[in-house]
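Asker: In order, the protein sequence lines correspond to chains C and U.
Numbering follows UniProt numbering, with no gaps: position 131 of the first sequence is 131.
Numbering follows UniProt numbering, with no gaps: position 197 of the second sequence is 197.
It is worth saying that the hints were derived from the structure and are not from the lab.
It is possible that part of the hints are untrue.
When chains are identical, the list treats them as one kind, so a pair holds in a single copy or across two.
Claimed, not checked - Computed cross-link-like contacts, SDA-like style, restricted to lysine to any residue with a CA-CA straight-line distance of at most 25 Å:
hint, residue 1, residue 2
1, Lys140, Asn59
2, Lys140, Arg52
3, Lys140, His219
4, Lys140, Gln65
Computed from a predicted model, the values in this text were never measured in an experiment.
Number of protein chains: 2
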Amino acid sequence: MMLVNGQPSESISALDRGLSYGDGLFETIRFERDAAPLWNRHMQRLALGCERLRLPMPNRALLWQEAQQVGATLLRFVLRITLTRGVGERGYAPPAVVVPTRIVAAFPLPALPESLYADGIRLHRCQTTLADQPLLAGIKHLNRLEQVLARAEWNDPAIGEGLVCDRHGNVISATAANLFAVIDGVPVTPAVDRCGVAGVARAAMLDAFPHCQVRDLPHDEALRASELFLSSSVRGILPVQAVGDTVYAPGPVVRAMQQHWRALGFPMEQA
Amino acid sequence: MMLVNGQPSESISALDRGLSYGDGLFETIRFERDAAPLWNRHMQRLALGCERLRLPMPNRALLWQEAQQVGATLLRFVLRITLTRGVGERGYAPPAVVVPTRIVAAFPLPALPESLYADGIRLHRCQTTLADQPLLAGIKHLNRLEQVLARAEWNDPAIGEGLVCDRHGNVISATAANLFAVIDGVPVTPAVDRCGVAGVARAAMLDAFPHCQVRDLPHDEALRASELFLSSSVRGILPVQAVGDTVYAPGPVVRAMQQHWRALGFPMEQA
Numbered sequence: 001m002m003l004v005n006g007q008p009s010e011s012i013s014a015l016d017r018g019l020s021y022g023d024g025l026f027e028t029i030r031f032e033r034d035a036a037p038l039w040n041r042h043m044q045r046l047a048l049g050c051e052r053l054r055l056p057m058p059n060r061a062l063l064w065q066e067a068q069q070v071g072a073t074l075l076r077f078v079l080r081i082t083l084t085r086g087v088g089e090r091g092y093a094p095p096a097v098v099v100p101t102r103i104v105a106a107f108p109l110p111a112l113p114e115s116l117y118a119d120g121i122r123l124h125r126c127q128t129t130l131a132d133q134p135l136l137a138g139i140k141h142l143n144r145l146e147q148v149l150a151r152a153e154w155n156d157p158a159i160g161e162g163l164v165c166d167r168h169g170n171v172i173s174a175t176a177a178n179l180f181a182v183i184d185g186v187p188v189t190p191a192v193d194r195c196g197v198a199g200v201a202r203a204a205m206l207d208a209f210p211h212c213q214v215r216d217l218p219h220d221e222a223l224r225a226s227e228l229f230l231s232s233s234v235r236g237i238l239p240v241q242a243v244g245d246t247v248y249a250p251g252p253v254v255r256a257m258q259q260h261w262r263a264l265g266f267p268m269e270q271a
Numbered sequence: 001m002m003l004v005n006g007q008p009s010e011s012i013s014a015l016d017r018g019l020s021y022g023d024g025l026f027e028t029i030r031f032e033r034d035a036a037p038l039w040n041r042h043m044q045r046l047a048l049g050c051e052r053l054r055l056p057m058p059n060r061a062l063l064w065q066e067a068q069q070v071g072a073t074l075l076r077f078v079l080r081i082t083l084t085r086g087v088g089e090r091g092y093a094p095p096a097v098v099v100p101t102r103i104v105a106a107f108p109l110p111a112l113p114e115s116l117y118a119d120g121i122r123l124h125r126c127q128t129t130l131a132d133q134p135l136l137a138g139i140k141h142l143n144r145l146e147q148v149l150a151r152a153e154w155n156d157p158a159i160g161e162g163l164v165c166d167r168h169g170n171v172i173s174a175t176a177a178n179l180f181a182v183i184d185g186v187p188v189t190p191a192v193d194r195c196g197v198a199g200v201a202r203a204a205m206l207d208a209f210p211h212c213q214v215r216d217l218p219h220d221e222a223l224r225a226s227e228l229f230l231s232s233s234v235r236g237i238l239p240v241q242a243v244g245d246t247v248y249a250p251g252p253v254v255r256a257m258q259q260h261w262r263a264l265g266f267p268m269e270q271a
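Isolated chain C, as found in the complex (with noise of 0.2 Å):
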């Protein structure tokens, strides 16, 4: 099911400038049971984009029932919150008055097999590179295209994401999770100040596990990682089992993580 601004709909107007310019955010949100443990660093990231893009961030609480509301039969369901603009004139201009867009909708949540929690996923080496732009940087905004690209590089189902990295040979993320290596004993993070999204499971982490480090990641690094796993708000932590032919083990500290992940509510196990 799916509301628009309030309002049962499967369409937006075609001059949305979320369609012209990729002008909003997004969120997507995994329930369990009703609740939502991931629920407030959700609402944080947003308002940080709002924020950013300078748009007036929508009421939390209204947010809230209309999740409920799309997910009234759903057992478990990822939401996705897109926020943009609205509908405006021709040109990059903001209108005078903006009357944001606001689509709230419920997906089924994408079944795992237990094996990828147990045994880890592979990971293709990804070509696309992503640029620099601290602007835009951390926030979950509509302008995705390096992911589309990234993503499109590799078709064989074996293959369950790709490793993405800057322009100056760091590592920064999957396409679609942010991603963990454990480096002499550390488990690190690459910063996202630059590019790639500051990904809320990877910041529930970060506050669980405060010996993590957030830095730069070298790719050589990140291959002589003795663990690498990815963090993802609906798949939650994965083992890496492999990058191209580099291969990989989980050890201790993904599974303290995944231990974790566990805790604040999330079942690794697929109905």
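Once you've looked at the hints, dock chain U against the given chain C.
Answerer: For chain U alone, kept in the frame of chain C given last:
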């Protein structure tokens, strides 16, 4: 009037990847009395964009026919063609079967006072800089947040455009137009192979004035230009009167290019 996949409509699916990820392209094409003098150049750029994003290029004859249809009652208008990868499941992976969305819409031609063509427009020096992304540079894709942020930097109606640089201090363009500077008597327009859009009016001028140079243009050099002017497929050739406190006067190069613009079939007098 507007056509979505050939049918009169003003809305698109809220699940369109054009909205979800900015996964698509657009063109804005000026029509004068049923003629679009730069049509072929717009089609060439759209085809290049399709190739880069691996989208099927729509049939050109069909686009022309739809343009005639939406502009039937208008003497002069701006046509916007928007092409997206269509509706897709949640996630960056392109759908197995792509059914693109094609939006063709006519808008009134913006009325520019003749004095702008005679005396020029004032530019704001934008703080927003463009990121280097060769995979997306040159084409007119739907990821336009950088332009939105740059254009949002001023709201003084006396300022008509913004001067936008890259992260290395090179001038690239205006927010919605290309830029030419006359340096030591030679017209120079910035290269757009790392960022920026390869404008069709710019391409028409480069063909007609083959002594133009296409190269990196450091900001300091642009400030010392004897002439500075913009090219836009909608607004034509516009002298720059000032960038902040630095003033410029129209000279022989901009006048020659304006003459060529008029000869292409674009009057600079407004009805």
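Asker: Run every hint past the structure and note whether it holds.
Answerer: Status of the hints after comparison with the structure:
1. Lys140 with Asn59: The answer is within: 18 Å in one copy meets 25 Å, while 34 Å across copies does not.
2. Lys140 with Arg52: Close inside one copy (11 Å) and across copies (24 Å); limit 25 Å.
3. Lys140 with His219: Classified as within; 24 Å inside a copy, 31 Å across copies.
4. Lys140 with Gln65: Classified as within; 22 Å inside a copy, 38 Å across copies.
Going through the hint list in order, the structure satisfies each hint without exception.
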